[in-house]
Each structure stands twice: as C-alpha cells, then as structure tokens.
Amino acid sequence: AQSVTQLDSHVSVSEGTPVLLRCNYSSSYSPSLFWYVQHPNKGLQLLLKYTSAATLVKGINGFEAEFKKSETSFHLTKPSAHMSDAAEYFCVYKGGNMLTFGGGTRLMVKP
Amino acid sequence: GAVVSQHPSWVICKSGTSVKIECRSLDFQATTMFWYRQFPKQSLMLMATSNEGSKATYEQGVEKDKFLINHASLTLSTLTVTSAHPEDSSFYICSAPPSGRNEQFFGPGTRLTVL
Numbered sequence: 001a002q003s004v005t006q007l008d009s010h011v012s013v014s015e016g017t018p019v020l021l022r023c024n025y026s027s028s029y030s031p032s033l034f035w036y037v038q039h040p041n042k043g044l045q046l047l048l049k050y051t052s053a054a055t056l057v058k059g060i061n062g063f064e065a066e067f068k069k070s071e072t073s074f075h076l077t078k079p080s081a082h083m084s085d086a087a088e089y090f091c092v093y094k095g096g097n098m099l100t101f102g103g104g105t106r107l108m109v110k111p
Numbered sequence: 001g002a003v004v005s006q007h008p009s010w011v012i013c014k015s016g017t018s019v020k021i022e023c024r025s026l027d028f029q030a031t032t033m034f035w036y037r038q039f040p041k042q043s044l045m046l047m048a049t050s051n052e053g054s055k056a057t058y059e060q061g062v063e064k065d066k067f068l069i070n071h072a073s074l075t076l077s078t079l080t081v082t083s084a085h086p087e088d089s090s091f092y093i094c095s096a097p098p099s100g101r102n103e104q105f106f107g108p109g110t111r112l113t114v115l
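Chains as they are written, first to last, in this note's numbering: chain H, 1 to 111; chain X, 1 to 115.
Everything labelled a hint here was simulated from the structure, so no lab data went into it. Among the hints, a few may not be true.
Straight-line Cα separation of at most 30 Å, DSS-like style, residue types lysine-lysine; simulated pairs [claimed, not checked]:
| # | chain 1 | residue 1 | chain 2 | residue 2 |
| --- | --- | --- | --- | --- |
| 1 | H | K42 | X | K41 |
| 2 | H | K42 | X | K64 |
| 3 | H | K94 | X | K55 |
| 4 | H | K42 | X | K14 |
Derived coverage of chain H by chain X (criterion: at least 3 residues anywhere in the stretch with Cβ under 8 Å from a Cβ of chain X; other residues may be distant) [what the hints assert, rightly or not]:
| # | stretch |
| --- | --- |
| 5 | 36-44 |
| 6 | 91-99 |
As the structure is a computational prediction, the values presented were derived from the model and not from experiment. Backbone N, C-alpha and C define an ideal beta-carbon position, used for all residues, glycine too.
Using the sequences and the hints, build the whole thing.
Take a look at the structure:
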C-alpha cells in the first residue's frame with residue numbers, strides 16, 4: 001500500500017528566504033505525485049504534479065518540486081517566500097483514481 | 001480548467017437534524033466522485049467513493065447509514081449527514097476526476113457546524 005509522509009507539520013520562514021517543504025512517499029509503483037495548497041477556509045488548489053515526465057516540475061506561484069526516485073522524495077521548494085504563501089500544503093499520491101494525502105505542512109511566513 | 005462546486009459553503013444545524021451537501025462538476029462529467037472530511041488543522045481523510053448509478057464505497061470506519069451518498073447523475077453527488085451530532089462538525093470536501101486527466105479537481109468545501 002502506498003503512503004505519503006510530510007516530514008514537517010510546521011515550517012516558518014522569513015519573507016524573501018527560501019522555502020523547503022519535505023515529502024516522502026512509499027509505493028511499489030511509479031507514482032503520480034501532487035502538491036496542493038489550501039488557504040484558510042478555502043478549497044484545495046493544485047500547485048504542481050509529477051507524472052513520470054521531467055523529474056523537476058515547475059508549478060504556479062514560483063513553486064517547483066523535484067522527484068527523486070532513489071530517495072523516494074518529492075520535496076517542494078520556492079526560492080523566495082512571499083507573505084501570501086502562508087497556507088497549508090499537502091503532498092498527495094495518486095494511485096488509479098484514489099488519492100492519499102500527507103499530513104500537511106503549515107507554512108508560516110514572517111515579515 | 002475543470003470546476004467543481006459545492007453547496008452550501010457553510011451550514012449550521014441543530015443536533016439530530018440531517019444535512020445534505022451537494023457536489024457538482026460544472027463543465028465535465030464524473031462517473032466517480034470522492035468525499036473527504038477534514039478536521040481542524042488536520043489532513044483530508046477519504047470517507048467514500050461515490051459511483052454514478054451504483055452504491056458508494058465507504059472507507060473503513062465510516063458509517064454508511066450515517067453518511068448517505070447518492071450519485072444520481074454524471075454531474076451531481078450528494079452527501080447527507082443524518083442525525084448530525086456535534087462531533088460531525090467538520091469541513092467536507094468533494095473531488096472529481098475528469099476523464100482522461102491525471103488529476104482531480106476539488107470543490108471549495110462545506111463547513112458543517114452542529115450545535
């Protein structure tokens with residue numbers, strides 16, 4: 001069975017500094033992996049997805065993620081945090097039509 | 001892009017009443033939709049898979065008689081929380097995958113508060 005682990009429940013960065021949100025997965029198959037963002041009281045928004053094409057995936061709002069099979073990781077990064085990036089981020093594994101969510105990482109951005 | 005809507009966005013009800021939440025795919029057909037529950041500061045937990053024209057599939061621990069799911073058409077699934085109790089208060093989110101696309105689209109969620 002597949003699983004997704006987000007290693008940090010909370011990450012705090014200063015505005016303008018890099019962001020790293022970590023995600024590891026466990027799967028016997030070649031995965032489809034996604035990162036979603038959820039702002040308070042809002043629905044989920046897709047940031048980016050990996051579907052076995054390029055291992056470095058670029059998403060919206062300056063985010064990108066690198067799929068590393070040897071490390072079973074799909075970490076999300078952004079070079080420079082903005083105040084509007086403060087939100088909850090979910091790493092998600094897709095198998096067939098089923099989604100498995102990581103526990104989420106709350107990103108806080110300090111002025 | 002594909003759009004999924006939910007109605008209502010927020011509902012407050014008294015304990016013991018039933019609440020119906022609608023999930024609609026606005027510009028595509030969905031033979032399958034998914035219902036999730038999200039408690040405050042927690043991740044999404046899959047409750048059930050809604051199948052058009054057949055019975056829903058429930059995840060372990062989810063009471064099918066309490067959370068009634070009806071997928072009557074290719075664009076509408078409903079979740080009815082029967083005899084709601086305060087512990088049912090949560091954020092309910094649906095999602096649907098358009099055919100041929102390797103992603104799901106999420107509704108904006110419905111916040112249920114049971115007094």
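With a C-beta cutoff of 8 Å, work out whether three or more residues of the stretch 36-44 of chain H approach chain X closely enough for the coverage to hold.
holds (count 5)
Hinted pair K42/H and K64/X, Cα distance within 30 Å:
Distance ~27 Å between K42/H and K64/X Cα, so the pair holds.
Within 30 Å, alpha carbon to alpha carbon, are K94/H and K55/X?
holds (23 Å)
Is the hinted pair K42/H and K14/X satisfied, with a Cα-Cα distance of at most 30 Å?
holds (24 Å)
Would you check chain X against the stretch 91-99 of chain H, counting CB to CB pairs closer than 8 Å, and say if three or more residues qualify?
With 4 residues close enough to chain X, the hint holds.
Keeping to a limit of 30 Å between CA atoms, is the pair of K42/H and K41/X held or broken?
holds (13 Å)
Of the hints listed earlier, there is not a single one the structure fails to meet.
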